[in-house]
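**Student:** Let chain D serve as the given structure and place chain H on it in line with the hints.
2 protein chains.
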Amino acid sequence: MSEALKIAVAGLGTVGGGTVRLLAEHAGLLAERAGRPLRLVATAALERPADLPLDGIPTFTDARRLIAETEFDVLVELMGGSGGIALEVATAALAKGRHVVTANKAMIAHHGARLAELAETSGGVFAFEAAVAGGIPVIKALREGLAANRLQQVYGILNGTCNYILTTMRESGRDFAEVLAEAQALGYAEADPSFDIDGVDTAHKLAILTSLAFGTVIDLDRVHIEGIRHVSALDIQYAEELGYRIKLLGVARRTAAGVEQRVHPCMVPIRSSIGRVDGVFNAVVAEGDYVGRTVFEGRGAGANPTASAVVADLLDIATGRRTPTFGIPWHRLQALEPAPMEGHRGAYYIRLMVLDVPGVFADIAAALRDEEVSMEAVLQRGRAPGETVPVVLTVHDTLEAAMMRAIGRISRIDAVVETPRLIRIEDF
Amino acid sequence: MSEALKIAVAGLGTVGGGTVRLLAEHAGLLAERAGRPLRLVATAALERPADLPLDGIPTFTDARRLIAETEFDVLVELMGGSGGIALEVATAALAKGRHVVTANKAMIAHHGARLAELAETSGGVFAFEAAVAGGIPVIKALREGLAANRLQQVYGILNGTCNYILTTMRESGRDFAEVLAEAQALGYAEADPSFDIDGVDTAHKLAILTSLAFGTVIDLDRVHIEGIRHVSALDIQYAEELGYRIKLLGVARRTAAGVEQRVHPCMVPIRSSIGRVDGVFNAVVAEGDYVGRTVFEGRGAGANPTASAVVADLLDIATGRRTPTFGIPWHRLQALEPAPMEGHRGAYYIRLMVLDVPGVFADIAAALRDEEVSMEAVLQRGRAPGETVPVVLTVHDTLEAAMMRAIGRISRIDAVVETPRLIRIEDF
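Here the protein sequences come in this chain order: D and H.
First residue of the first sequence: 61, per our numbering; consecutive thereafter.
First residue of the second sequence: 61, per our numbering; consecutive thereafter.
Bound-form chain D, shown alone:
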């Protein structure tokens, strides 16, 4: 059996701990699959958790010292943060010609192109299966398994916290704030949840998928981002009635105008593959010209699924399986030509809170007609003269810019008493 692959793990939080446990528990199995031992040689963490199998393995409190003073083949960076110390040690390790494995989607989304260049010019590997969709091997699928295809689109449920909140809202009929508070109490959402619920985490992951799918330089700045704060129990109930589920999606799509990258709540058919993915599960759908539609589903977060992905990358490195970081060599990645959001075409769900007075609906209909927005369905239950009632509309494929103009005009109608709620519909 060949020499051991020497592994340094920086960060001993949830995922770092899971990775250390996996390496210890499956040492024999991993050595068999890699043809050589995978040996943990050092770690870095501010505190060394007592319950990890770290006997005889040093823990540095400063990850920079780990890089400088340890002999290792691969740095596993699991500290997190888009820049700072994580970026510093990843850069230092790659510059030394070492390999870096990370689950740090923020760092990849912000600095992935540069890290790929550094890795590929210095002979190291920069790998991040764990950064998107946890244990589901979707990076490998896009980069290798589906590599014979020209992909048309890739989309998915990429954030388990949001999917858990939306699923619980639907099942319990409760509203966003209440379910979020419960998710925080249960540890499914962070104390500061904005990263998840405002769609930033999904955007990081989507930017990575876009680069892999289309051979473009990662471009987080051109992701249109909306979160789930404004999704109400009422909208979820209407969605159900219309045959849809509301999911926070990341969608990357090739269009005639360029590549769309968008993160927003979306109504998808209940019967679609993605509409049925509930709770903390993630799913990624990739559509290629030869393969058609493929769906990958599984646990998108948590110590163990994420560790599974981290160690899959280590096995690739141990066996010498190499693929360019984003599927093609860094210097051949194209700049992304972004399709502006105003040019997006799609169907929409609109919920208005309206004072039930004569003539309102005519005003709403006129605003839509003037922007050439064509209505598909209207839901309005009973009448309540003089009171506020919800009016729900769905409209056929229309131009985002026209939709926004119509919504602007509708929101200025006196009898429309709240900000109109608009949710895009995708008939996947």
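Honestly, I wouldn't trust all of these hints.
[What the hints assert, rightly or not] Residues from chain D that keep clear of chain H, each with C-beta distances beyond 12 angstroms, as calculated:
id, residue
1, E131
2, G140
3, A237
4, E402
5, R465
[Said to hold, decoys possible] Below, a sample of chain H positions facing chain D; criterion: calculated Cβ distance under 8 angstroms:
id, residue
6, L82
7, A201
8, A207
9, A208
10, N209
11, T354
12, V355
13, A367
14, S368
15, R381
[To be verified] Okay, the calculated bits of chain D under chain H, using three or more residues with CB under 8 angstroms as the criterion:
id, region
16, 92-100
17, 344-356
Keep in mind the hints are simulated off the structure, nothing from the lab.
Here the structure is a predicted model, which is why all the values come from computation and not from measurement.
From the three backbone atoms N, C-alpha and C, an ideal C-beta is built for every residue, glycine too.
**Tutor:** Chain H only, in chain D's frame:
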């Protein structure tokens, strides 16, 4: 750019044609991803289809001459058949130290262990992503993406013809024979459909998945096989009523008694990932100790999805990505310890056609009680004294041997007028 990978394709039928087209259509994209051109240098087929992009590329009528007279790096074997000429040329190519890519599950199921040994000792690659679940990169997922896990089970819908027939039976309420005839007319089923509908094709694929999942020598002889000929419209209707769908599944599971390998119609919950996979789609579920449950879904057959998988293997070979054929080196694969089917524990659906005479149900219940089979639900609609009526039972987890004894006894009750129908239930 490095030297071209020289590819010889033996077999220009559906999948061969698709592969040739893909190589031509995506030549630029593939060269970019592989870092070198993928060049078709020769083909073999009894007839050379006029519509394929084969200008300047010779076609041998005898694939053996292709091997003997052509300089190539990879043989793509797409002729089919478990032995014969396919096996002969695959063996010859590997013996020369060349690589072999194939979609031929029958050949792998029967001779995979020997071909792996030959490949690994002569320095070639023997790859078969296209052999299971068409375009879904499930071989790669098991061998690489999930390789950090000890897998507990892998199961799936592996035959699109059967899934199409069962889906159409459900949607149309028609019976098996009629839907099969229609599927044959539409080209979804072969003139001789037994290979598909009797579960043999699924068994071939399952035997491959088992080897990959558990590191065991492929062992087709120990697959318990039942097909879908006996699934009736009535059973499909009852399944729906009980909250299940009937699917032909291949299941490989680690149990205390050894590894179960079984192919049979199965009731799975309508809401499960696999219960919702309809029509010609395939799905594979893998459960690992770290990753949890992962689901892979997509098109399991057809020229283009299968070509996508064939060319994915070619890209791995072109870039030098190597994995042992069945995940670990051939000489470390363990003999499979089969769990006998009699020792299987599970839930069951039983449909009896019974003369509605007094006392029958007591006899049935006694047979079950004496074998310690515990009933969960009974469906019997109305009464029809003196006539034949269906009686449907579901039973809790029970031992297969006890179930079979009980069924044997029930079938001997005078008032039970047809062979009892038994379908296993899996609460995935």
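**Student:** Work down the list of hints and note, for each, if the structure agrees.
**Tutor:** Hints, one by one, checked against the model:
no.	hint	verdict
1	E131	24 angstroms, holds
2	G140	20 angstroms, holds
3	A237	29 angstroms, holds
4	E402	30 angstroms, holds
5	R465	39 angstroms, holds
6	L82	6 angstroms, holds
7	A201	5 angstroms, holds
8	A207	5 angstroms, holds
9	A208	4 angstroms, holds
10	N209	6 angstroms, holds
11	T354	4 angstroms, holds
12	V355	4 angstroms, holds
13	A367	6 angstroms, holds
14	S368	4 angstroms, holds
15	R381	4 angstroms, holds
16	92-100	holds (count 3)
17	344-356	holds (count 9)
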